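Undergrad: Read off the chains here:
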Amino acid sequence: MLNITEMLDQIKASPFEEIVVRAPHTGVVEFVQNKTGAKVAGPSGTWKEKPGTLLARLTREGNVKPIHSFQKGVVERIEHALAGKFVQAGTPLMHIRHFLSKDEVLDKLLRKTLFLFLAPERAKYFFVPDVDIKVKSKGCQTVEVRSGQELFIVSRMKRESQLNYTGPEGIIYAVYFETNQNVEAGAALIGVCAKEQLPAIQDVVSRVQGEWVEEE
Amino acid sequence: MLKSRTQHKLLIANRGEIAVRIIRACQGLGLDFVCIATREDAASGHCRLALETAGERALYRISSYHDPNEVFSVADESGATAIHPGYGFFAEDHRFARRASERSRPLVFIGPSWSVIRDLGDKINTKRLARRLNIPTIPGSDKPLYDEIEAEEIAEALFAFQADQGVLRPVVLVKASAGGGGMGIEEVNDPDKFRSTFRRIRNYAKRQFRDEGVLVEQRIFDFNHLEVQIVAERFGKNIVHFGTRNCSVQSLGRQKRIEVAPGFAPGDIRYAFDAAEVLESITNHSLNMAQEVRYDNMGTWEWIVTPNGNPFLLEVNTRIQVENGVSAVISRLPKKPCVDLISEQIRLGLGQPLGYDQADISFDGVGIEYRIIAENPDNKFAPWVGRIDRFSWTDKDWARVYTHVPLDRPYEIPTEYDPNLALAIVWGRDLREARERGGMFLDSLVLEGRNLAGDPLQSNISYLRAKTVDLLMF
Amino acid sequence: MDIEKNIFELRERLKYIQDIFGFKENDNVVLLGAKLQELTDALPGLDAAEQVRQLTSLEDLFAFLEKKLERQLSPMDRVRIVRHPQRISLKDILEHVYDNFTEIGGQDEYSVDPSMLIARAYITRKVGNKVHNQSVMVIGQEKGHGQEFRNGGSVKPWGNAKALHYMKVAEMENIPIHAYVNTPGAFPVEDYPGAAQQIARNIYEMAGLRVPVIAIFSEGGSGGAEAIGLADVRLMLSHGYYSVISPEGAAAIEGRIKPGQKAPTELMENCAKRLKITAKDNLSLGFIDRIIQEPVLGARTEHFDFFRSLRQEVINATDEIILNVRGMNYFRAKAIMRQKKSPRVNAENIFVRWKLGGPARERLLWKRYQRFMAMSRHAFLDRRPVGRKCMEFGLDLGWSVYSFFKYDFWRKHQKKVSNLAEDVGAEFQVVFDKCLAPARRLKAVFSRTNDEPNGNNQCQLTQLSPWEKRESDQQQGYISPQARKDRAVSCPNALVHGCMDMWAPDLFGEWAGVCIHCGHHFPMEYDWYVHNVFDPQSVREFNAQMEAINPLGYDGFDLKLEEAKRKNGLKSACRTFEARINGLKVVIAMLIAGFRGGTVGAAEGEKFIRAVERARKKRFPLLAYTHGTAGIRIQEGTCGVIQMPRCTMAVRRYLEDGGLYLVVYDTNSYAGPVASFLGCSPYQFAIRSSRIGFAGPGVIQETTGMPMPPHYHSAYQALARGHIQGVWDRREMRKNVYQALLTVGGRNLYYR
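Residue numbers (our numbering), protein chains in the order written: chain A, 1 to 216; chain G, 217 to 690; chain W, 691 to 1442.
It is worth saying that the hints were derived from the structure and are not from the lab. Do not rely on the hints blindly, as some may be mistaken.
[Stated by the list, open to error] Keeping only pairs whose Cα atoms sit at most 25 Å apart, straight-line, the calculated DSS-like set for lysine-lysine is: (1) W:816 / W:948; (2) W:1175 / A:85; (3) W:820 / W:1024; (4) A:65 / A:35; (5) A:65 / W:952; (6) A:102 / A:72; (7) W:948 / A:48; (8) G:422 / A:85; (9) W:1425 / G:422; (10) W:714 / W:781; (11) W:948 / A:50; (12) W:1105 / W:1124; (13) A:50 / W:952; (14) G:596 / A:124; (15) W:1425 / G:359; (16) W:758 / W:1045; (17) W:1102 / W:1175; (18) W:816 / W:705; (19) W:963 / W:1250; (20) W:1175 / W:858; (21) W:1275 / W:1102.
[Claimed, not checked] Taking beta-carbon pairs under 7 Å as the criterion, some of the chain A residues facing chain G (in silico): (22) 59; (23) 61; (24) 86; (25) 90; (26) 120; (27) 121.
[Said to hold, decoys possible] Chain A residues, not near chain G, derived (Cβ > 12 Å throughout): (28) 6; (29) 42; (30) 63; (31) 85; (32) 87; (33) 88; (34) 102; (35) 131; (36) 134; (37) 141; (38) 205.
Small disclaimer: the values here were computed from a predicted structure and weren't measured. Every residue gets a Cβ at the ideal spot worked out from N, C-alpha and C, and that includes glycine.
If we strip away everything but chain A, and leave its shape as in the complex, we get (with noise of 0.2 Å):
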């Protein structure tokens, strides 16, 4: 069956996830942040109302924007040569080296367990109003789901048609799509688990909250 050991193992060999900081429009760059090693914060507060570290500032057309980090990390690297200089729009400024906390390890290990039901385009996806209905309410534990059910509405350039779902029966475990936001070709929708699954995907749970130890 699943070989929850071995994957673990596996994200335990490499804990951590590399983010890169791209300049989010044109503009002349100055670094913040500009010690590698450097342990940065992600935004913070009861509402995730404190922004993160600062790590440098876009200036554009006299107006000087900050770019604060989105997650907990350590800077790996800084393009210090771009320092002072102009960008273009999706340069790389920094890399973020995150180590994997819980949920996100959760996440991958679920990724790997589950069924993913794929985007095939790039759309916003929306579930068929019964479905959404249920999944509002009651959560999405309680849709099952089988090959071939109206499942999905797919809504691109203002116009509206409807997916099947195809792959092996089950419950909807995680929904990995935000209503009213787009959704690149071939990311997941949801994942599935057939019902019989259930015990091990929980064991999984168990074993990444007991098990996986939080890098500061």
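Chains G and W: place on chain A using the hints.
TA: Using the frame of chain A, we list chains G and W on its own:
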């Protein structure tokens, strides 16, 4: 060809077909240029052309085509001195034009001065200006109406007026004066129902646009859509016209699909009115109004002409239009092999004199422009998105194709922008020949592709072919 | 003699002294400590007589040094005294000052707000053989000797609402109110009824309370104190304080302390001194009437003598008010005057019935009004030359007379005449129509045949129509300095709504500082409103010469004030003027955020009151536009805080005379003004993206210990809580104000 004291550098603030055309015009004029593109649009033809002809430094990656800050930021960095907005995006944005000319590092905006863009961009203002100059406009109110009784009086007069004109089923349009793009418009065909419609639109306008002004106009059916191409030097000197166009073949939502120059073909088709006279009248009216506002650079006066030959001024487009090529193809200038309105626009925008006058401009033959679009004409012109595998046609010296689609490799149509794939212009000595050639060209066109679901590409080619038959008729 | 018990008592006294003097090194305190220690150490080795002797001498030393220490008390020490758990509480007072009482609506923590205590009590007076039980309503903050649930006397909005309720009950029952003010300040939560709004309601209602009110101040912390402190006689305990802000709060502002940090003790001491918060200071400034002397180092539960003198004082004060407004009073008033001079005489011997008849109630209100209007007159500068003053006084008088004749006298009669004329006219019309009906029918038949179907109308359809752009569409040529910079500006909501950066000249010019994407309102200068809300050239400023000063001689404030005056080109944070909106004349009072944060001091209060008076006399509507206010100007101390009742009273008088009082909030409006003369308006609106509240987020976190959700004070939240009546778009302010002038409030306006 372009001689000026300062060497200009032009920033092309647009993408796709028009960007390609502007690059070509720059090359013809010997002008430096800079292009911009977003990440999703990296495969677009204008990026490739820019990189091939001018190298890395001629292309800047930006976050959005809609963000003026990106454009100005790139302009400063690249040392550009002028901006060409193309059409769409910033072309009729008077704030953008004003910012270009009033910022601390000013840039030449290739287009009319910002105040002209602002004044003619306001439909009510345009209508009133036209009426002041005795230019015919669509019967109805020329100011936002706030008073229900006043509006009803006008509506009643409109019904009576239409009955007088022999209109069989008179219809009055009620629309929010602050609206646009088909929002907040309703038709009324019964005078008794006017008040309720008026109130509905007024309340809608109040909610939606926070201005309760309402316009009341005659609804005109079966009209032809004509345009007059106006060209002028900086500061509104030497205003000339480059003939007329007929853009009556339109999809739902008033999107043009075929344009023909000149606007009517009196030799080929019998009209119920004197077509030559109507063309002359709308051309003169347009010139007259351009003079009045001291119009500079390039613009289009849009008219509608009823089946019995009544022209009404609709609006003014203060930009170069997609269909500029079809006017160019029938225009002749002394000592120039072919006319290119885009390079004329750039030249004039940078402050060069016109160099000729109206008498030097002559017209020859008939041009037809097709807009080739991946869409389904049978299903409300629904856009088709996917990958284009093959796109080719037979080259002819009477046909020109402008496209940003690469012909040597597959091309993914970006979903963010309009699905316009190519513009094809054919020329004939008269309408009959132009139509024949148009048909021949469309027959030779190959356009194939598939989307993710594996469905074949849908295009409007068959629609264009069908429409070619009865061009320029009512 | 129980030596052990006495030693214990001395130890308690020492501890109390140490608490009061806090961290300060004081030789006397050290001496007392050493002596006490010495005695306890030596005690076992002494015989009984010697023990008593030494103890007595130590007790004498204690008494002596306590007296000495009393003279050394700094204002901050007094703050510590009133907050000490041993300080007398309202419960103690109820037990010892009154003869019987029933607590209303609460038993310890089972109360809507345990920090507000209400009781019906009576005082028994024996005159001759007759026994009178004189009822009073006792209202006050209860600290409960440090009981946690009492919240230190910091009253929540619903507590103040309860207080107001029982004030109204007292009014109905026609009994006096005794209000014991003992609060460090109101609890700054925004939940309905809202800290600020409830205080405003309390002040507004108290201004018109038709029974005598006596306030006794022990701890008078700004807004919380005002909520029950508007009284006909204000007494103050000698060790109490009455201040615009707690010394800690003042120090936090002065020292620019961030939330979570503590202000240095020294700065706090300094602030307490500068704010002039003691009973003596307040007496000399005229904000209280008398001081009730407490025992040395403040009254505690065991000081029974003190309760007796307190009883005398409150009875005296109540008698005094009653006699002042009642007709039959000569001898008794004289007697009471005598008593005041020699407090040893028993006040209970003279009987005064504590009920008031109709005319006396009116006199009571008028006296109260005049009393507060006369306060803080010294605390601003009126630079108008004498001639001008005389002229303006004359004009004012002229307006009063004119208004009386035009609106009160003439209008009453004119209405009758015009009503009659209307009726006659309508009757005549009916008859006339009847007579002409056949002729008209005939005419209609003819006209149908030779009617021109579209003669004139057709021109209307195809030719230029006359049209004057609506006045409101015209921009009136004000260019914000923010619009002169070539730069882009980011919307604070960009992350949420994806707003693009805007070019400053567009944003602050054409768009009036409103993000075109999400509608966020950037702050605009008040000039924008002056130019875009009112008819062009209709603005006539008045009282511009009234100048804010530094009435308490607050250290270093003169310079800051000069700076503010220079920077803004104004003499105070309040601008008052007359203007027109679509021809309707309006009096406007503006609080300007750029001038010391739009804080209200004596000059601003006086200007506001005069604007209200002007509107009242001329029958104009009144618009209070708050461009921004941070509260009461703390450097003016109680001179500032007294503007809360003063301005509110003026507003009440105006509203009762049938005025229309409109309040519009912009940017940030906090604290005192919102909790009084702004918050009491029945018609309050906010410009979008403005914030309205009682205390800023930092203060809330400090006092409640809870983090503030973002947008806690936003206008929409205030609307949802019911604090304001609408949220307006800045660009539509003119339209909305005009609309409001036509539709809301005011039965007695010149255009109605």
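Undergrad: Compare the structure with each hint and give your call.
TA: Taking the hints in turn, this is what the structure says about them:
1. For the given pair, residue 816 of chain W sits about 58 Å from residue 948 of chain W by alpha-carbon distance, which is inconsistent with the 25 Å threshold.
2. Simply put, residue 1175 of chain W and residue 85 of chain A have alpha-carbon atoms about 23 Å apart, close enough for the 25 Å limit, and the pair holds.
3. For the proposed pair residue 820 of chain W and residue 1024 of chain W, the alpha carbon gap of about 23 Å is at most 25 Å, so the pair holds.
4. Restraint check: the Cα-Cα separation between residue 65 of chain A and residue 35 of chain A comes to about 20 Å, which is no more than 25 Å; the hinted pair holds.
5. For the hint pairing residue 65 of chain A with residue 952 of chain W, the CA-to-CA distance comes to about 32 Å; that exceeds 25 Å, so the pair is violated.
6. The suggested pairing of residue 102 of chain A with residue 72 of chain A holds, with an alpha-carbon distance near 13 Å, which does not exceed 25 Å.
7. With a CA separation close to 20 Å, the supplied pair residue 948 of chain W and residue 48 of chain A stays within the 25 Å bound.
8. A distance of roughly 48 Å separates the Cα atoms of residue 422 of chain G and residue 85 of chain A; the hinted pair therefore is violated under the 25 Å criterion.
9. With a C-alpha separation of about 13 Å, the suggested pair residue 1425 of chain W and residue 422 of chain G falls inside the 25 Å cut-off, and the hint holds.
10. The suggested pairing of residue 714 of chain W with residue 781 of chain W is violated, with an alpha-carbon distance near 32 Å, which exceeds 25 Å.
11. For the suggested pair residue 948 of chain W and residue 50 of chain A, the alpha carbons sit about 16 Å apart, so the restraint of at most 25 Å is met.
12. Note on residue 1105 of chain W and residue 1124 of chain W: the hinted pairing is violated, with a Cα-Cα distance of about 29 Å set against a maximum of 25 Å.
13. Proposed proximity of residue 50 of chain A and residue 952 of chain W is supported: the alpha carbons are some 22 Å apart, at most 25 Å.
14. For the proposed pair residue 596 of chain G and residue 124 of chain A, the alpha carbon gap of about 21 Å is at most 25 Å, so the pair holds.
15. Restraint check: the Cα-Cα separation between residue 1425 of chain W and residue 359 of chain G comes to about 20 Å, which is no more than 25 Å; the hinted pair holds.
16. Restraint check for residue 758 of chain W and residue 1045 of chain W: not satisfied, since their Cα atoms lie roughly 45 Å apart, outside the 25 Å limit.
17. The hinted pair formed by residue 1102 of chain W and residue 1175 of chain W fails the criterion: a straight-line CA distance of about 57 Å is larger than 25 Å.
18. Proximity of residue 816 of chain W to residue 705 of chain W is assessed by CA-CA distance (about 42 Å); at most 25 Å being required, the pair is judged violated.
19. A threshold of 25 Å between alpha carbons decides the hint, and for residue 963 of chain W with residue 1250 of chain W the separation of about 19 Å falls inside it, so the pair holds.
20. With a C-alpha separation of about 56 Å, the suggested pairing of residue 1175 of chain W with residue 858 of chain W is violated against the 25 Å cut-off.
21. Simply put, residue 1275 of chain W and residue 1102 of chain W have alpha-carbon atoms about 22 Å apart, close enough for the 25 Å limit, and the pair holds.
22. Given the 7 Å rule on beta carbons, the hint for residue 59 of chain A is violated: about 9 Å separates it from the nearest Cβ of chain G.
23. Residue-level restraint check for residue 61 of chain A holds (minimum Cβ-Cβ distance to chain G is 5 Å; threshold 7 Å).
24. Annotation: interface hint on residue 86 of chain A holds; nearest CB of chain G at approximately 5 Å, less than 7 Å.
25. Using the Cβ-Cβ criterion of 7 Å, the hint placing residue 90 of chain A at the interface with chain G is satisfied: the shortest such distance is roughly 6 Å.
26. Here the hint on residue 120 of chain A is kept, as its CB sits about 6 Å from the closest CB of chain G, short of 7 Å.
27. Because the closest C-beta pair between residue 121 of chain A and chain G is about 5 Å apart, less than 7 Å, the hint holds.
28. Interface exclusion of residue 6 of chain A from chain G stands, the closest Cβ pair being 34 Å apart, more than 12 Å.
29. Every CB of chain G lies more than 12 Å from the CB of residue 42 of chain A, the least distance being 22 Å, so the non-interface label holds.
30. For residue 63 of chain A, the requirement that its beta carbon stay farther than 12 Å from each beta carbon of chain G is not met, with the minimum near 7 Å.
31. Non-interface call for residue 85 of chain A relative to chain G: violated, since the shortest CB-CB distance, roughly 10 Å, does not exceed 12 Å.
32. Non-interface status of residue 87 of chain A relative to chain G is broken: a Cβ of that chain comes within 12 Å, the nearest being about 9 Å off.
33. A cut-off of 12 Å between C-beta atoms contradicts the statement that residue 88 of chain A is not in contact with chain G; the least separation is 4 Å.
34. With a closest Cβ-Cβ approach of about 33 Å to chain G, residue 102 of chain A is found to remain outside the 12 Å limit, as its non-interface label requires.
35. Every beta carbon of chain G lies more than 12 Å from that of residue 131 of chain A, the smallest distance being close to 22 Å; the non-interface claim holds.
36. Distance to chain G confirms residue 134 of chain A as a non-interface residue, since its nearest Cβ pair spans about 28 Å, more than 12 Å.
37. Under the 12 Å C-beta cut-off, the non-interface status given to residue 141 of chain A relative to chain G holds; the minimum distance is some 30 Å.
38. For residue 205 of chain A, the shortest C-beta to C-beta distance to chain G comes to about 34 Å, beyond the 12 Å cut-off, and the non-interface label holds.
Hint compliance for this structure: hints 1, 5, 8, 10, 12, 16, 17, 18, 20, 22, 30, 31, 32 and 33 are broken, all remaining hints hold.
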